[in-house]
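Student: Residue strings, one per chain:
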Amino acid sequence: MKKGIGAAISAKQIAYCAVMTALLIGGQMALSSVSGVEVVTVLLCSFAFVFGVRAGVLTAAAFALLRCFIWGFYPAVIVLYIIYYPTFSLIFGCLGAVKQTTYGKLPIWAVAVVNIALCAVMVFCALFAAGDFLKISRLSKALVVTLLWVIFALAAALLIIFDGLYAAQKAGKLKSGDTIKLVLVTAAAAVCTICFTLLDDVITPFVLGWEFSSVTTVTYFYSSFLALAPQTVCTIVTVSTLFLPLTAVFKKVKKS
Amino acid sequence: MKKILATICAVCALASLAVFAACDGNGNETSVDSSSVTESSVTVDYKISVNTTELVVFTATSDVLTLTESTSLKDYLDALVAAGQITYDGYVSDYGYYITTVNGNAEQYYDTYMTFWSLYTNLFTLDGVTYATTDYGSYDYNGVTLGSASYGASALPCVEGYSYALVYSTYTY
Chain L
1 MKKGIGAAIS AKQIAYCAVM TALLIGGQMA LSSVSGVEVV TVLLCSFAFV
51 FGVRAGVLTA AAFALLRCFI WGFYPAVIVL YIIYYPTFSL IFGCLGAVKQ
101 TTYGKLPIWA VAVVNIALCA VMVFCALFAA GDFLKISRLS KALVVTLLWV
151 IFALAAALLI IFDGLYAAQK AGKLKSGDTI KLVLVTAAAA VCTICFTLLD
201 DVITPFVLGW EFSSVTTVTY FYSSFLALAP QTVCTIVTVS TLFLPLTAVF
251 KKVKKS
Chain Z
1 MKKILATICA VCALASLAVF AACDGNGNET SVDSSSVTES SVTVDYKISV
51 NTTELVVFTA TSDVLTLTES TSLKDYLDAL VAAGQITYDG YVSDYGYYIT
101 TVNGNAEQYY DTYMTFWSLY TNLFTLDGVT YATTDYGSYD YNGVTLGSAS
151 YGASALPCVE GYSYALVYST YTY
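Protein chains in written order, with this note's numbering: chain L, 1 to 256; chain Z, 1 to 173.
Derived by calculation from the structure, the hints in this document are not laboratory data.
Don't take every hint at face value.
Claimed, not checked - Below, computed lysine to aspartate or glutamate pairings styled on DMTMM-like, alpha-carbon distance capped at 20 Å:
1) L:K135 to Z:E69
2) L:K141 to L:D178
3) L:K141 to Z:D94
4) L:K135 to Z:D89
5) L:K173 to L:D163
6) L:K135 to Z:D94
To be verified - Computed footprint of chain Z on chain L; a stretch qualifies when at least three of its residues, placed anywhere within it, have a C-beta under 8 Å from a C-beta of chain Z:
7) 30 to 40
8) 97 to 110
9) 166 to 172
For every residue, glycine included, the Cβ atom is placed at its ideal position computed from N, Cα and C.
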């Protein structure tokens, strides 16, 4: 029996993917009226983490296509979703494939990657929050700047916790790798959420034929901060609080 | 202790004065300074709303609502609703309030196309921020070109003398 990516997918796995796709669409639909709040990120990253790359990518692709029946077939959105969500599942599927012992004894390059990613998030947020070049609607600017500072603070907190846990791990005072894994996954999810909006800022102008230096493209980039800021805060909060319970539930389902 | 309390009271009094200084006699914030408007106001020959189930056009005026720097188009539409002039419905999207229904006419999805309410304005730029462009859609009304709005109704400022149009449009897949 072939194992891994090349192995035949079982009916049980297909059923898991189908149920998860329905949950993702249901979750997105249920919270569609609440701006900036979503559960797709935490549900999909937990699912891909436990069920692996193949199940995660299949579910993400099905979600990206099937959601169009509810929200409409917009080419720019389809391209964005079909690129982003399978890539997102690939990342978390790979993180899930890492052995628990590795999280308990994290290599230095992984620590460096997390530090660089979190520092990049902090610099990005501080630059746009403190600088005078965020040309956004005057009715939303105060809220967006506040949320950018909130993301900055959350990223700084994650960085301090992560480095503190790594130091404790090195000193042999931290046995379980669960906490460090949670911080790593939360950081990865936050970076992915920011990349989602930035990817949209590239794909939408490309699909709609706007020039990249045009006023329309620049305006679209600035207005996208209305989505980026609350979604990133939501991702950090939901992933840091729900990832461990959700992965525990998914592990039980997988074993049954 | 008394000195600390006196200092706190003095600071509060100064803060209150600063707040009242920014208000007019009715306690509302003072209206937007026209000098801050980078694009010159376009004189239009209509002030009364065009009000049908497929088109609503109006020019913002303080006769309907006292316009301040924090007045959004949604506030203005709410005032028009309160005055019994129009009805509308929608939801809060990431980019501001998205209007789905005006005067009982709702957006519709079909196999190959959809109908929806698009928002146009000639408030193109204000304080260096672009609020509308003609690059991805424009609407001409009485010789005035309105550009497609870059924000939803709650994030779009409502500024005296500028025109806003809600147009029932079609998008083909």
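Student: Checked against the structure, which of the hints given earlier come out wrong?
Tutor: 2, 4, 8, 9
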